[in-house]
Structure formats: structure tokens, C-alpha cells
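Q: So the sequences go chain by chain: V and L.
Those letters in the first sequence? Residues 73 to 182, per the working numbering, in order.
Those letters in the second sequence? Residues 268 to 385, per the working numbering, in order.
Only true hints are included.
Pairwise CB distance ranges (calculated):
1. L/Phe-363 - V/Glu-139: 25 to 35 Å
2. V/Gln-127 - L/Tyr-285: 44 to 54 Å
3. V/Asn-96 - L/Thr-372: 15 to 25 Å
Worth flagging that the hints you see were computed from the coordinates, not collected in a lab.
Please read these numbers as outputs of a predicted model, since none were measured by experiment.
Just so you know, even glycine gets a beta-carbon here, dropped at the ideal spot from N, CA and C.
Next come the chains, spelled out residue by residue.
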Amino acid sequence: GIQVEQSPPDLILQEGANSTLRCNFSDSVNNLQWFHQNPWGQLINLFYIPSGTKQNGRLSATTVATERYSLLYISSSQTTDSGVYFCAVVPNTNAGKSTFGDGTTLTVKP
Amino acid sequence: GAGVSQTPSNKVTEKGKYVELRCDPISGHTALYWYRQSLGQGPEFLIYFQGTGAADDSGLPNDRFFAVRPEGSVSTLKIQRTERGDSAVYLCASSFRPPSGGANTEAFFGQGTRLTVV
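Kindly produce the complete structure, drawing on both the sequences and the hints.
A: Next comes the structure, spelled out in C-alpha cells:
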């Protein structure tokens, strides 16, 4: 099946810093989502971005489907940004089965 | 409802018992997914429904696990003869598949059911 790799696995930032999280995948996809899992375990939707670039406040994401990667940018980080960020992809060969990466654990210090 | 609802939020059961976990998807969503998440890992796919039928159950770990969605809305994940290794957070998600076909749209997750087998 499709492989999803996220990097870095862990990231520690000072409040106000910027960061880039990466998601590489091994096959063509027709769906890609970024999630933030909060300390209570809830998966919060950040972006639905199978291709192109989107922005939402301090967050933006870019997916280059032809090169099989996606990037999540966090600017002016805040302590509430802490948590685990997951990338999930659906391959072209299977309309429903999402495969998640192992996540990037972000800690933002005040 | 406004979001995906899962009940119970927590379930503690004894080894060998039977459990049922319920998922109520977003109204109008045709696709429903079950995932399992262990500590420190990403969610792992279990099964995917399109309407009432299981379109892909390749992630179910063994025949103790079974899921149904009889009316194309609410789904129940059933686990027989529970084992301590089944302890995890079970997540449900739903999305919409356009009538014209193609990829399912953005998936939304419930808050999960934390299952503990003692």
C-alpha cells in the first residue's frame, strides 16, 4: 500500500517562530488532508488539499502532487498550536482508504 | 447532527467480553470510516462504508472485529472476545461522495471512543 512519511517527528519552537512540516507519499493521490490532534485527542481539520496552495490565517499548505509531497506552514506560532499534526492521503487506486503518517509532534514554548 | 458523534466516549471492559461502539455521522454523508489509534501512532484504517455496504474492510485485524451500517447512516463496530491488545482509541469519520463519482470529499472525525480491556 501507499507509504506516508512525515518529518520532522518532533519539533520544539519558541512562541512567535515559524515552522514547516513535510509529508511525503509514495503514490499518486486524489485526496490529502492535514489534521491537528489536540491534547484531548480530537482530530481538527486544517486543510483538504489534494493539490495547490491554501491559506487559513497563520497556517498555509501546499501540495505538489506530481512530486508526491505536501508542506504545512505555521507562522508566528502560539502555545495553542502545540499538539500532533497528521497528514492523511487517499491513493488514486482506492477511493476511500486513508493512510495516515506517524505525525509531527509540535511543542511551542512561551 | 452538526458533527460526527461517537458513543460511548470511554469504555472499560473485561478480557473476553463483547463490546459495541457507535458512530453517528454527519447528516447526508454517504461514506463512513473506522480507524484505530494506539498511543504515539497515527490512526490506522479498519473499514470503509459507502452507503450500507462495506467497500473496503481490509484493515479489520481478524474475525473478532465486525462493523455494520444497516441503514446507511449510523454504524456500529463490534468486537467479540476482547483482548488486552484491542485497547486503543477507536475513531470514526464521515465524508460525502459526489453522485457523479470520483474521490470522496473532506473527512471529519468524531472525538473517538477510548476502549480499555482489563
